[in-house]
Amino acid sequence: MKFLSLANKDLKELVRDRKGLFFILVFPIFFMLVFGFAFGGMGQSNTPYKLAIVNYDETVTIPMTGERINFGNNLTQLLEEAKYENSDVNLFNVTKMSESEADALLKTRDIDAALIIPDNFSESVLALINHTIMTTTNPLAASQSTSPDITSTLIIRGDTGFINFGVSQGILVGVLAQYQDEIVIQTQNAVQGTPGAQPTVFLNSKVEPIEGTQNFTSFDFIAPGMIVFAILLLATTVAANFTREVESGTLARLKLSKMKGFDLMFGGLIPWSLVVVVQVIILLVVAVAIGFHWQGGLNSILLAILVGVIGGIASIALGMIIAAFVTSVSQATNLGTLITVPASFLVGAFFPLPDVEIFGIPFNAFLPWTHILDALRSTLTYGGGWNDISYSVAVSLVLTVILFAIGVILFSKNRLKSEN
Amino acid sequence: MADYIIETQNITRKFDGFKAVDGLSLQIKKGEVFGFLGPNGAGKTTSINMMVGLLKPTSGWVIIDGQDMEKFDKAAIGVCPQEIVLWDNLTCAESLKLIGDMYEVPKDVLKQRVDQLLEDLFLTDKANTLVKNLSGGMKRRLNLAMAVVHQPEIVVLDEPSEGLDPQSRQVLWKYILSLRDEGKTVILTTHLMDEADRLSDRVAIIDHGKLLKLDTPVNLKKEIGGGDVVEITLSDDSMNQKVIKKIEETGNVLSVLEVEGIINLRALNAVGKLPQIIDDIEETGARMADLSVRQNTLEDVFIDLTGTRLRE
Numbered sequence: 349m350k351f352l353s354l355a356n357k358d359l360k361e362l363v364r365d366r367k368g369l370f371f372i373l374v375f376p377i378f379f380m381l382v383f384g385f386a387f388g389g390m391g392q393s394n395t396p397y398k399l400a401i402v403n404y405d406e407t408v409t410i411p412m413t414g415e416r417i418n419f420g421n422n423l424t425q426l427l428e429e430a431k432y433e434n435s436d437v438n439l440f441n442v443t444k445m446s447e448s449e450a451d452a453l454l455k456t457r458d459i460d461a462a463l464i465i466p467d468n469f470s471e472s473v474l475a476l477i478n479h480t481i482m483t484t485t486n487p488l489a490a491s492q493s494t495s496p497d498i499t500s501t502l503i504i505r506g507d508t509g510f511i512n513f514g515v516s517q518g519i520l521v522g523v524l525a526q527y528q529d530e531i532v533i534q535t536q537n538a539v540q541g542t543p544g545a546q547p548t549v550f551l552n553s554k555v556e557p558i559e560g561t562q563n564f565t566s567f568d569f570i571a572p573g574m575i576v577f578a579i580l581l582l583a584t585t586v587a588a589n590f591t592r593e594v595e596s597g598t599l600a601r602l603k604l605s606k607m608k609g610f611d612l613m614f615g616g617l618i619p620w621s622l623v624v625v626v627q628v629i630i631l632l633v634v635a636v637a638i639g640f641h642w643q644g645g646l647n648s649i650l651l652a653i654l655v656g657v658i659g660g661i662a663s664i665a666l667g668m669i670i671a672a673f674v675t676s677v678s679q680a681t682n683l684g685t686l687i688t689v690p691a692s693f694l695v696g697a698f699f700p701l702p703d704v705e706i707f708g709i710p711f712n713a714f715l716p717w718t719h720i721l722d723a724l725r726s727t728l729t730y731g732g733g734w735n736d737i738s739y740s741v742a743v744s745l746v747l748t749v750i751l752f753a754i755g756v757i758l759f760s761k762n763r764l765k766s767e768n
Numbered sequence: 079m080a081d082y083i084i085e086t087q088n089i090t091r092k093f094d095g096f097k098a099v100d101g102l103s104l105q106i107k108k109g110e111v112f113g114f115l116g117p118n119g120a121g122k123t124t125s126i127n128m129m130v131g132l133l134k135p136t137s138g139w140v141i142i143d144g145q146d147m148e149k150f151d152k153a154a155i156g157v158c159p160q161e162i163v164l165w166d167n168l169t170c171a172e173s174l175k176l177i178g179d180m181y182e183v184p185k186d187v188l189k190q191r192v193d194q195l196l197e198d199l200f201l202t203d204k205a206n207t208l209v210k211n212l213s214g215g216m217k218r219r220l221n222l223a224m225a226v227v228h229q230p231e232i233v234v235l236d237e238p239s240e241g242l243d244p245q246s247r248q249v250l251w252k253y254i255l256s257l258r259d260e261g262k263t264v265i266l267t268t269h270l271m272d273e274a275d276r277l278s279d280r281v282a283i284i285d286h287g288k289l290l291k292l293d294t295p296v297n298l299k300k301e302i303g304g305g306d307v308v309e310i311t312l313s314d315d316s317m318n319q320k321v322i323k324k325i326e327e328t329g330n331v332l333s334v335l336e337v338e339g340i341i342n343l344r345a346l347n348a349v350g351k352l353p354q355i356i357d358d359i360e361e362t363g364a365r366m367a368d369l370s371v372r373q374n375t376l377e378d379v380f381i382d383l384t385g386t387r388l389r390e
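For the record, the sequence lines run as chains A and B.
Here my numbering is used: the first residue of the first sequence is 349, the next is one more, and so on.
Here my numbering is used: the first residue of the second sequence is 79, the next is one more, and so on.
It is worth saying that the hints were derived from the structure and are not from the lab.
Any given hint might turn out to be false.
Stated by the list, open to error - Which chain A residues face chain B? A few, computed with CB under 7 Å, are given here:
id : residue
1  : 361
2  : 601
3  : 605
4  : 736
On a predicted model such as this, the values are computed, not experimentally measured, just so you know.
C-beta: ideal position from N, C-alpha, C; glycine also.
Turn these sequences into a full structure, and let the hints steer you where they fit.
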């Protein structure tokens with residue numbers, strides 16, 4: 349297996365070149381630190397986010413009091429009045445509208461996020477209240493109860509490529525968790541007659557600061573972007589490495605042997621993929637250390653590594669394409685930088701850019717790193733699982749395979765054939 | 079089986095209009111050491127790059143063992159480039175194993191070959207030393223080992239002695255002759271006439287991309303005639319032509335000409351004729367700064383063919 353011998357060679361060269369390896373791993377950390385400190389405090393500017401609420405909720409009657417209540421409206425009111433911690437600034441500017449109106453405004457980014465409250469929301473809140481009452485008054489009976497749990501799903505909809513959605517989504521998840529906890533606490537207090545509680549009112553409109561909202565910052569949106577930036581920068585390093593083989597004549601030595609283009613490319617994939625794995629882990633650790641609110645646990649790290657490796661392969665392919673056209677290491681470095689830095693902006697690594705459309709499809713949708721970034725944000729920032737990122741992973745994989753095929757063809761044609 | 083292992087048919091290579099190789103046609107026999115002798119920039123490396131498939135001829139054909147260039151078995155050729163082409167961060171043994179793997183040499187065979195090569199080229203104690211920590215001579219020897227680890231039928235050595243100390247050169251020359259003894263075909267490019275003279279069975283003299291002469295070193299030297307070579311340096315080289323005319327009039331020598339400010343003459347029994355030659359010089363009023371007598375070499379063949387010395 350010639351490609352394994354080449355992989356072994358590349359790995360040894362990579363590890364033994366301590367200075368080179370140091371720069372490969374440390375350079376992106378430097379950017380992560382700069383962006384972390386620059387944007388880590390941006391969320392504290394206390395800007396209200398524009399939130400559309402689509403309320404399909406149907407009013408229910410509370411059996412104990414006969415009171416008719418729409419918990420959807422209750423939640424809406426709470427969101428309207430919620431304020432940043434230690435501040436008079438509202439978390440959201442809430443507008444009620446239809447789902448189609450909300451979708452249209454999301455597309456034009458005139459609103460930051462839409463919260464869709466389902467028709468059985470009140471019913472499920474009521475079920476939660478009943479369950480809480482039973483577990484509080486008679487835990488044994490509650491455990492034997494056969495009454496069905498009613499769950500409802502609140503949908504937080506938005507443009508995952510839009511930084512404001514990232515922040516709004518983070519805040520909303522916190523608010524909703526707090527809302528559910530409040531219902532349980534209020535119910536327990538009412539049943540047990542805790543001093544100050546009002547037994548007939550399960551929910552009130554008391555607004556409390558949402559724990560954690562003061563910490564959710566733009567950096568949480570940018571950190572996965574920095575990982576993608578680091579992965580993209582690999583293209584420059586890979587291009588320089590391939591070109592160094594050309595310049596030093598070692599590629600000519602390999603060309604004279606029975607080695608095929610495939611062996612060279614696949615041989616290169618293994619060590620560089622390992623570099624990506626190490627980079628993703630190091631960058632994530634650094635990001636968390638300087639304030640990134642990583643969600644999703646160990647599973648998200650594994651998913652991020654998988655996604656990162658796909659992005660790394662795309663970068664290796666880009667590196668091969670660059671190396672197919674340049675004649676010196678300095679040219680490879682210059683051209684690599686000229687391509688990877690704008691590409692980082694294009695895919696939205698630092699902040700989202702307006703879409704440039706080709707045949708109705710945003711241009712950056714053709715770049716695998718755009719989908720890599722979506723997947724990384726989804727799993728690291730929003731705590732999404734495999735189901736949430738599978739589409740992005742699939743698209744990025746297809747685009748990476750195409751890019752890799754182009755890289756192999758161009759590099760083989762320009763560098764592995766007899767010189768014309 | 080073809081009698082000739084490599085044939086070039088009127089190959090020409092142009093770079094931006096400049097002809098580096100101009101209509102080169104030659105045939106290299108199996109099992110011979112074939113020397114390419116010529117000054118730097120004569121087109122030797124370009125010629126062999128076309129022969130091994132690294133460079134496409136602008137026109138003409140290269141046939142290897144009776145087959146078209148595209149079809150021959152790559153393992154049949156091993157190339158030792160003029161420059162040291164090694165991976166700095168691999169050890170000697172790792173470098174050889176890598177190249178062996180690239181030529182699909184079986185693992186057990188490869189290990190034996192690597193050990194043997196390291197021993198033959200006096201690198202055994204450096205087997206696990208990183209290439210970047212080797213001396214220039216050691217790198218040269220490893221460069222050669224990389225070309226032969228897969229035991230090719232044709233070994234191409236491009237200026238293998240370049241930058242070698244005398245000791246390493248002796249090791250190299252001995253190894254090249256051992257390759258011939260094993261029946262390998264060796265193609266050697268050099269601008270060192272004694273290297274071409276001592277190692278080559280046949281020598282192609284090449285300059286400005288053209289083949290000037292091709293024969294055995296002995297025949298080439300015979301062709302310009304026997305005798306010794308006398309080189310005379312005058313204290314005033316503007317007198318050179320006057321002295322040359324005088325020596326020609328005396329008619330005691332086979333040839334006399336000026337080469338880069340020095341009077342170069344060939345004569346049978348040159349030592350016996352030296353008193354007459356010195357008299358001729360004194361008659362012209364010129365004064366000698368230096369005089370040497372030696373046997374003729376391939377460089378004299380080159381001088382005879384081109385009127386100039388081999389350029390460094």
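Each hint, compared with the structure:
no.: 1; hint: 361; verdict: holds (4 Å)
no.: 2; hint: 601; verdict: holds (5 Å)
no.: 3; hint: 605; verdict: holds (4 Å)
no.: 4; hint: 736; verdict: violated (42 Å)
The structure does not agree with numbered hint 4 stated previously, though it agrees with all others.
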